[in-house]
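Visitor: Each chain, letter by letter, is given below.
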Amino acid sequence: MSSPALSSIAPITSMRELVLRRGGRDVLRVEALDIRQGETWVLVGPNGSGKTTLLRALGMLEPPSSGTLELFGRPPGLSPSLELRRRTVLAFQQTLLLADTALANVALPLRLRGVDRAGAEKAAREALELFQASTLAGRRARQLSGGEARRIALARAFAAKPELLLLDEPFAALDPPSREALSSDLKRALKASGTTCVAVSHDRAEALALADHVGILLGGKLAQAGPIDEVFRAPAAEEVARFIGVENLLPARIRSRSADAIRIEVAGVELTCAPSEIGGETALACIRAQDVLLAEGPLGHLSARNAIACRVAALEPSSSGIRVRLDGPFPLVALLTRAAADELRLAPGAQVTALFKSSAVHLA
Amino acid sequence: MSLAAETAAQLGTGGSELWPVGLLTLQVASSGLLIASAIGIPAGLGLALGRFPGRRALIGLANAGMGIPPVLAGLLVALLLWRSGPLGSLELMYTPAAMALAQALIATPVIVSLTAAGILQLGDELPDQLRALGASRWQQSWLLIKEARLPLLAAAMAAAGRLLSEVGASMMVGGNIRGETRVLTTAMVMEVRQGNFALALALGLLLLLLALSINGVLTWLQQRKTA
Amino acid sequence: MRWRALTLAATGLLLACTRPEPAARPVILATTTSFQDTGLLDALLERFAAEGGPKVKAVAVGTGEALEMGRRGDADVLVVHAPKAEQKFMDEGHGTRRRALWHNDFVLVGPPSDPAKIRSLRSAAEALAAIAKADALFVSRGDNSGTHIKEKELFAAANLVPWAHYLSAGQGMGETLRIASEKQAYCLSDRGTFLKLKSTLALEQLMESEPPVMNPYHVIEVSLAKHPKVNAAGAKAFADFLVSGSTQSFVARFGVDRFGQPLFFPDASGGPVEPGR
Chain A
1 MSSPALSSIA PITSMRELVL RRGGRDVLRV EALDIRQGET WVLVGPNGSG
51 KTTLLRALGM LEPPSSGTLE LFGRPPGLSP SLELRRRTVL AFQQTLLLAD
101 TALANVALPL RLRGVDRAGA EKAAREALEL FQASTLAGRR ARQLSGGEAR
151 RIALARAFAA KPELLLLDEP FAALDPPSRE ALSSDLKRAL KASGTTCVAV
201 SHDRAEALAL ADHVGILLGG KLAQAGPIDE VFRAPAAEEV ARFIGVENLL
251 PARIRSRSAD AIRIEVAGVE LTCAPSEIGG ETALACIRAQ DVLLAEGPLG
301 HLSARNAIAC RVAALEPSSS GIRVRLDGPF PLVALLTRAA ADELRLAPGA
351 QVTALFKSSA VHLA
Chain B
1001 MSLAAETAAQ LGTGGSELWP VGLLTLQVAS SGLLIASAIG IPAGLGLALG
1051 RFPGRRALIG LANAGMGIPP VLAGLLVALL LWRSGPLGSL ELMYTPAAMA
1101 LAQALIATPV IVSLTAAGIL QLGDELPDQL RALGASRWQQ SWLLIKEARL
1151 PLLAAAMAAA GRLLSEVGAS MMVGGNIRGE TRVLTTAMVM EVRQGNFALA
1201 LALGLLLLLL ALSINGVLTW LQQRKTA
Chain C
2001 MRWRALTLAA TGLLLACTRP EPAARPVILA TTTSFQDTGL LDALLERFAA
2051 EGGPKVKAVA VGTGEALEMG RRGDADVLVV HAPKAEQKFM DEGHGTRRRA
2101 LWHNDFVLVG PPSDPAKIRS LRSAAEALAA IAKADALFVS RGDNSGTHIK
2151 EKELFAAANL VPWAHYLSAG QGMGETLRIA SEKQAYCLSD RGTFLKLKST
2201 LALEQLMESE PPVMNPYHVI EVSLAKHPKV NAAGAKAFAD FLVSGSTQSF
2251 VARFGVDRFG QPLFFPDASG GPVEPGR
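As they're listed, the protein sequences go chains A, B and C.
Under this note's numbering, the letters of the first sequence match residues 1 to 364, in that order.
Under this note's numbering, the letters of the second sequence match residues 1001 to 1227, in that order.
Under this note's numbering, the letters of the third sequence match residues 2001 to 2277, in that order.
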């Protein structure tokens, strides 16, 4: 997970065999998760995966059903002390601003903690500054647009400088430009203050933009958790890979292992992968669509590892570029930029060669 | 025409009789409202936020209680307060305090029910969001009450109107005693009985004025808050 | 701040409302609406206060309810006008002393058109029989008050039972007269209330009964022995005041200036009333 040096510090929160129940059924099981000082976690999962329930447990609004949950080194128990609760702030998915000015809303957590009006407003103005919302200070909550309200809600969550900041879908219902702007403001604010943050989201792109650590919640459990590149490069299981958007999942047979490579066979084609500790005879080869490159025409005599002759089956424009569906010995999906696709003059039926590095193939 | 002139004269010159009755009316109704709010706002908050068996039944009871007939409230308080009753030794029967108690009984269900509705209208999540921002139970309650101030003011208006206009309970536990427990409504009933229509009308106008100015003040407060 | 100010103001009102009573215990007087509606009650209370008497809280209800308040010990002194019911009250031991105060009489009033033709008749009994026979509209108090009790006595003496157009109002004398006026019905009223309201009613006194139907008022002090919480001293002070010479002569003059005749005729000789009087 984290580097050994950081691991020696006691985690901000620590979960073991944690089970959360809602409406009489288990919604989420977390075998083990430690979140440490200064980390930004995004827990990603589809709707109904128990994200909000987990966040409410971390916010000490609901006790866990079983297992251990520790916050700041101690279990919060059935009725956590006010002093313990005030070390965290949870911002709900709804902005839930009070019918008052934006400044008063942002100052509220400080006022609740006994800070005098002048001190609270000073800190509130600083928080508004962090989220580029200073000009909104005097506005009434109901005069704010959705995006403005979201900025105020985040500034409010940030204002009291909680040791653990919990955010439920912090960018929900924002259009993409506002989301990106707000995400980078939040990231900067988190890094500048060193605040530990756990956000939940159903959107992988949000996780990628904000997090340094991700947890994948699938099928009622925490399926995988760790530093973001580790999880996205090396999904621990097929379901994780599918969820995080690894589009090429190929059943493979392992032919040989060596110190610098593993050779596998997929549908009669031999491929080379980076070494891994995976055991057994069969595995799932995971290749992200953006790691698949295309070259015009057949590759001919050029010998390259992991080069497959294919035919273009379909072109699907998407927000991140052009998704190219390929027919060959096995189906593949490649994600190209619009410019690259234009340059290759791709059209359905065109002959192409698909290429990917051995390090792009991850065995699960 | 002559009735109108006589009424106007009563309002002008009958002041020494009229205005103390008006003042007592205001005192009794506001005391009743204050007692009802002291009980009703926390109870309504508890009903809105609590998760306990019988909660729905209690909310239903409060809703039904909004329609309690003032005479019934008067009778219940009288049964408690008269000398042979359980609280007879307090000697409260036929005092403004007894009237305030009966009026509190009338207003409490209104306050409980409309407070609960006002808090529930804020949604399920706001109470938890406030806790998650670091509010104690007290702070949470105070903020929710502040946030629901418009429905609460509406509740106060509804209750105040009901209290100012009720006659049955005031008559029964107050007894319409001159200079003691005579309020605008009971005085009106008595003056009509005695054929003093001009005075009764003057009392009625004063009552109307009182009701209008109270609603005016509360509406003004509402609009200041929303501005 | 605004909220705090409002709360303070409201608390002030509450305190003002429940200010402590003066040292002397107030006397609770249960009496009849006719006593209040004629204006005599307020006039006498003013005089009693001017003489330095304890505060009197007067609750105007019907005689029946006033006697019930005495039976419960919720009133200290009663001024009522239903001799038979009063006697029963005394016999049950609820009162220590009953003294005659004053009287007026009951009058039969009705619409000037007089559909039952009672103008020419001599006694109240004959007149009621004629009203019943003509099936004319008649409005009764119907509230167990002194007037209602007297009406029932008259009905029993004349062997009358309520007929189709006999209406029971269940209200005080003033409201009952007003209903009778609006419906152009006959009505039995005490003379005092009728005189007081006459100018606002479309009713006339159609006959003088011979003998008159007497309406005597008595003051009863509620028994301390039976109801330990009553203010016996205050009750005695007020009853003594009512039978005193100066009060009696005030009552004899009361209303003469406005109605040309007295509303009540003093009866107090000072001593207790003989049973059955």
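Treat the hints with care, as some may be off.
[Stated by the list, open to error] Think about it this way: if two alpha-carbon atoms lie no more than 27 angstroms apart in a straight line, the pair counts; the simulated DSSO-like pairs of lysine-lysine are:
| # | chain 1 | residue 1 | chain 2 | residue 2 |
| --- | --- | --- | --- | --- |
| 1 | C | K2088 | C | K2183 |
| 2 | C | K2152 | C | K2133 |
| 3 | C | K2084 | C | K2236 |
| 4 | A | K122 | B | K1146 |
| 5 | A | K161 | A | K191 |
| 6 | A | K161 | B | K1146 |
By construction, these hints were calculated from the structure, which means they are not laboratory data.
As the structure is a computational prediction, the values presented were derived from the model and not from experiment.
Visitor: Report the numbers of all earlier hints that the structure fails to satisfy, in ascending order.
Guide: 1
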